[in-house]
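Trainee: Line order of the protein sequences matches chains A and B.
The working numbering puts the first sequence at residues 5 to 393.
The working numbering puts the second sequence at residues 5 to 393.
Everything labelled a hint here was simulated from the structure, so no lab data went into it.
Just to be clear, a hint being listed does not mean it is correct.
One copy or two, it doesn't matter: identical chains are merged, so the pair holds either way.
Lysine to any residue pairs mimicking SDA-like chemistry, simulated, CA-CA at most 25 Å apart [what the hints assert, rightly or not]: (1) K242 with N211; (2) K21 with D238; (3) K317 with Q100; (4) K149 with F107; (5) K165 with T237; (6) K149 with R16; (7) K21 with Q65; (8) K288 with V392; (9) K120 with T277; (10) K140 with N121; (11) K243 with E200; (12) K242 with T209; (13) K242 with R307; (14) K242 with N7; (15) K19 with D291; (16) K182 with K280; (17) K242 with R210; (18) K114 with I148.
Residues per chain are reported as follows:
Protein chains: 2
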Amino acid sequence: MLNFDISEYQVRLNKTKEVMIQKGLDVLIVTDPANMNYISGYDGWSFYVHQGLIIFLDKDQPVWFGREQDSNGARITTWLDDENIIGYQDHYVQSQTIHPYDFVADLIKKYQHDRKNIGVEKDNYYFTAQSFEHLKKNLPNAVIKDGGLIINWVRAIKSPKELEYMKMAGQILEKVMKTAVDMIEPGVREGDAAAEVYKTMIAGTRNFTGDYSAIIPIMPSGRRTTTAHLSWTDRRYKKDEIILLELSGCKNRYHAPLSRTIITGKPSKELDTIAKTVIHGLNKVVDFIKPGIMAQDIEAKWREAISGSRVVKESRIGYAFGLNYPPDWGEHTISLRPGDTTIIKPGMTIHVMPGIWTDTLGFECSEAIYITDKGCETFSKVSRQLFVK
Amino acid sequence: MLNFDISEYQVRLNKTKEVMIQKGLDVLIVTDPANMNYISGYDGWSFYVHQGLIIFLDKDQPVWFGREQDSNGARITTWLDDENIIGYQDHYVQSQTIHPYDFVADLIKKYQHDRKNIGVEKDNYYFTAQSFEHLKKNLPNAVIKDGGLIINWVRAIKSPKELEYMKMAGQILEKVMKTAVDMIEPGVREGDAAAEVYKTMIAGTRNFTGDYSAIIPIMPSGRRTTTAHLSWTDRRYKKDEIILLELSGCKNRYHAPLSRTIITGKPSKELDTIAKTVIHGLNKVVDFIKPGIMAQDIEAKWREAISGSRVVKESRIGYAFGLNYPPDWGEHTISLRPGDTTIIKPGMTIHVMPGIWTDTLGFECSEAIYITDKGCETFSKVSRQLFVK
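Build the full structure now, drawing on both the sequences and the hints.
Mentor: Next comes the structure, spelled out in structure tokens:
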């Protein structure tokens, strides 16, 4: 059932432990579901209750903890021995008197690591302020430090097998994007277009089906294109309307995202100018990306390419992505913006996404790429254009 | 664009303020996306970055804060005046040097509430340990208390308009469940069945389309039915296999969930016995539920109904649900289990979900109900049976 050889999981665990040593951590509590999957294989929609992996520097396998009714899920989807899969009883769930991190603290005591240096993922969605308080209260002799993003940074460089899954996601994505462009016409219900997009995303190809993506299909129209994260509504597309598409394919939790824009009619002069400028900038950036440069150099190339135009882009123009769960396919590591001095290396995967949202309209045209030895390649082949319907 | 009259949002805000007064809070920072929607109408897939509402006891409208590129989303989807929609600059996003809660603290200072009693939703997914640390550090003169679940409890009793949306979700759900039962056959790819389920969920009915649900379609088969939260894979259904279905319809972010079970072939004696026992227990419970009893009474009725059988159910048998965003449609308030003394009232909405997961198989048959003046009604009419295909 595993998506990778056990040896690949072990390489990941060892890389993580190397960073733990550098940071002086004896223990790391992993709550990010993508990090849990990356280290153990664990894959289930159970992150709505408290769960995690505990990595002990001196232990060969991490310990999975979660709700008892999810523990068979860990037995099925991970490479961990049964003794390292530990469920807590149901009365810990959403209780006003006890908290799952009381249980976690007891576990750490049981393993006699309650006087050690413990890392936690402090800014992860699934490590709440309450979790932290209960952990600190129950482990007064531990030194609890921020161990956030340790595994995210290990994830930044993908293995050949990971890239293979992302290329499969890219194949699905091509079909998803075609479905959206084909479906969207004046008179069609937005929800019916979104329904076909979902169907294509999950049905995948003749050779493999797809998985749910970490972000829903973002496909707003009209005024709703003036902002980044709205989607379809219960209405019909009209003529002369802009529709943004930020869509993805997903395979084995690995994503391939992409943005394109549709106009149902004739583009305004403003839209036409923005589209040409952004596509020119995107082309320049994709041609430029190669190992050895810094993340901020990519953004500088973008700014140089669009200089002299009236396009203004205040936000970052891209970010690392890959394996993930809702609410984000981004990895929260590399950002293409001034000040990010990350050296670009082969195997990194970046969504170059210079989305434009003004007070009157939006335009999106992006590329998801992986870094090769000499440059970069896209995960899908979709024409870089404003689609006129 | 609002799903409710402004007066309904204001009633909700006033109820929240009443509880804030009881709890001695001058300010409440709301990060739960469902709570944000409930109070302001805000609806966007932007909860992957830090965002929230700040409710000031002495201010008529809450203040929305979030990423600048999402602020037009707040202008479009909320009833708030422009002066109460405040975006932070993009360099706050996923930065290693500054944090959005530095910005939030500055906002609270600007409103001169930095020496007041401030509530935060301590165990919400979107209020991280890091958020809490930055808030505390930047507001040394504030008293910061747990204000978690205040709005969740206000949400527990639905208005007529909310129930109307949930009934629409129930109509979608009936079609979704039929699609799943029709599609699942030996030889069909699991992903193709899931694809049709998604399509039906979003396409909705002739009169209205649907929304994405807060939990993906949970539809595991075979051994994967021994646990609660696995779903489809890249394989084909076989003969004599159990398939669990925990599916939903969603309209305007309001859900109607339901569980059923399929067997592709002849049920084993064990499965048949479990199915009869659970359906008997569920029937008894649904007949029993009425205003005035306590949540724990419902669980006791279940235990009484199945006593003498060999079915063991250690976990809670249901929970409140309604308006929500990923990762959960549950409201984290009422749980049907011993010790929950919540008085059941008209307008409450509960998913009675006595899922059974043994080490060899799973069985699910549930009902989503709303409490009426005299008893309860289901949101959908789907036969309570083991579906034999």
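Trainee: Mind listing which of the numbered hints don't hold for this structure, in increasing order?
Mentor: 2, 9, 13 and 15
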